Amino acid sequence: MTDDERNVIKLLSVCLQFPDEELQQGIVTAVEALDPPNQGARAICNDFLPKITGDSVMELQKEYTTTFGIDSSTCLNITYHKFGNGRDRGQALAKLARLYRQAGFHPATHELPDYLPMLLEFVSAGPEQAALRVLCEYRKQFRELAACLHEANSTYAGVMDAIVAVTSAILEETAAK
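So in our numbering, spot 53 of the sequence shown is number 834, and the numbers just go up one at a time.
Derived from the structure by calculation, the hints contain no laboratory data. Take these hints with a grain of salt, some might be off.
Stated by the list, open to error - Computed beta-carbon distance windows for the label pairs:
no. : residue 1 : residue 2 : range
1   : Pro831    : Ala957    : 28 to 38 Å
2   : Ala889    : Asp836    : 22 to 32 Å
3   : Asp836    : Asp869    : 36 to 46 Å
4   : Pro831    : Asp852    : 23 to 33 Å
To be verified - Below, a list of computed lysine-lysine pairs in the DSS-like style, where the Cα atoms sit at most 25 Å apart:
no. : residue 1 : residue 2
5   : Lys791    : Lys921
6   : Lys843    : Lys832
7   : Lys791    : Lys832
8   : Lys958    : Lys921
9   : Lys843    : Lys791
10  : Lys863    : Lys921
11  : Lys791    : Lys876
12  : Lys863    : Lys791
13  : Lys958    : Lys791
14  : Lys876    : Lys863
15  : Lys921    : Lys876
Owing to the predicted nature of the structure, the values given are computational and were not obtained by experimental measurement. We put the beta carbon where it would ideally sit given N, CA and C, even for glycine.
Given only the sequences and the hints, what does the whole structure look like? Please build it.
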């Protein structure tokens, strides 16, 4: 995985975090900091940036909560999309937490380890083999979440499409090696 791919994944993880004023500024700064050749990453954010920078924080928070906090089909806890609330999900959560610890990854949030922004942050910063295992494990759920966000006409659908595109490309490149 290239540094550029890791930077794009980090940017996408930020896009999916609960919005506040700091996040509004952080996304703009992150996009501006991308290497000039990375037009693809800029295109990822074309629809999202005007929304995140143009709406009030309160409007953004309301949309975020409505999108990700009410309907379980669009929740950001990715193991839920694979296992529901069953025993297998608990084992998957424990496995992710163990993987994070072994990699020395210390999340800055108290969310469950399958919270998609956290998972993407790990992928952007963690050991490559562990990151690739996570992407491989949950790529189907990324696609399913993107479809649900499109069905809900969510502003976040484009961000999720970008996650699907970037992670799929990474996995295809890795398989080709």
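Now for the hints, and whether the structure bears them out:
| no. | hint | verdict |
| --- | --- | --- |
| 1 | Pro831 to Ala957: 28 to 38 Å | 36 Å, holds |
| 2 | Ala889 to Asp836: 22 to 32 Å | 25 Å, holds |
| 3 | Asp836 to Asp869: 36 to 46 Å | 38 Å, holds |
| 4 | Pro831 to Asp852: 23 to 33 Å | 24 Å, holds |
| 5 | Lys791 to Lys921 | 20 Å, holds |
| 6 | Lys843 to Lys832 | 13 Å, holds |
| 7 | Lys791 to Lys832 | 19 Å, holds |
| 8 | Lys958 to Lys921 | 22 Å, holds |
| 9 | Lys843 to Lys791 | 23 Å, holds |
| 10 | Lys863 to Lys921 | 9 Å, holds |
| 11 | Lys791 to Lys876 | 22 Å, holds |
| 12 | Lys863 to Lys791 | 23 Å, holds |
| 13 | Lys958 to Lys791 | 24 Å, holds |
| 14 | Lys876 to Lys863 | 14 Å, holds |
| 15 | Lys921 to Lys876 | 18 Å, holds |
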